[in-house]
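According to the UniProt record's numbering, the sequence shown is numbered sequentially starting from 1.
In case anyone wonders, no lab produced these hints; they're calculated from the structure.
Among the hints, erroneous ones may be present.
Here are the simulated distance ranges between beta carbons [said to hold, decoys possible]:
1) A74 / G53: 16 to 24 Å
2) E198 / R78: 16 to 24 Å
3) I191 / T91: 37 to 45 Å
4) Q176 / H27: 34 to 42 Å
5) M188 / N61: 13 to 21 Å
6) S42 / R105: 35 to 43 Å
7) G11 / E110: 21 to 29 Å
Glycine is no exception: its CB is placed at the ideal position from the N, C-alpha and C atoms.
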Amino acid sequence: MHDLVVYGAGGLGREVGEMVRRINERHRFWRLLGFVDDGGASGDLGGSEFLGGLEFIKGFNGPLDVAIAIANPAAKRRLYETLKRDCPNVTFPSVIDTEARLSSRVSLDEGVIISHFCSVSVEVRLGRCVFLNTGTHVGHDTTIGDFSSVMPNVDISGNVTVGSDALIGVNSAILQGVAVGSGATVGMGAIVMTPVPEGCTVLGNPARKF
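Please put together the full structure from these sequences, using the hints given.
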């Protein structure tokens, strides 16, 4: 059994904690030690312990799995790079909810988190620490780059490319073959029909630069 902590003790962290518990009900894979967050804890941690800030991870002796439960791509990248640099004992497992549906032909890098009721189709590639929130669909042959986060109920069609560090808002949709650049933000409910440049924010239907 692997020792695991969830970094992030807010709403998303608590959701990931529930995912870990559901996985363990089927196969006792992790020992959930608790939650770590330099900003403190908020809400009910489901009986798990709040362990403090990043110093807990840095001071841990032995192998440790860390699930990074942060939606903000830039903050997620900073934490990942800090742990990679300072904590050689840390690994970043992928946490896939028992109610998610993935093709057997999906490529996952380390640290991917996929919530319940997501579906991920054939030949999809998800980069480091990609997060797919509840009810999101990712179509065939799509690539989502490192540290990008996709919020609930997003529909990403086939042959889409999402760059690294992008944020895709709730209930948005990206049409087939469209590219979303690194660091871009797609606003809530936006319908993306044309390419989104790097670092750009788009809103509306059809999505336009904000």
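>> For the hint 34 to 42 Å, verify it against the beta carbon of Q176 and that of H27.
In response: holds (36 Å)
> Does the Cβ-Cβ separation between S42 and R105 fall within 35 to 43 Å?
Replying inline: holds (38 Å)
> At the C-beta level, are M188 and N61 separated by a distance inside 13 to 21 Å?
Replying inline: violated (43 Å)
>> Looking only at beta-carbon atoms, does the pair A74, G53 fall within the given range of 16 to 24 Å?
In response: holds (19 Å)
> Okay, I191 versus T91 on CB: inside 37 to 45 Å?
Replying inline: Holds, at about 38 Å.
> Are E198 and R78 spaced within 16 to 24 Å by their CB atoms?
Replying inline: holds (19 Å)
> So the hint says 21 to 29 Å: do the beta-carbon atoms of G11 and E110 match that?
Replying inline: Holds - the Cβ-Cβ distance for G11 and E110, about 23 Å, lies within 21 to 29 Å.
In terms of the numbered hints stated before, the structure departs from hint 5 and from no other.
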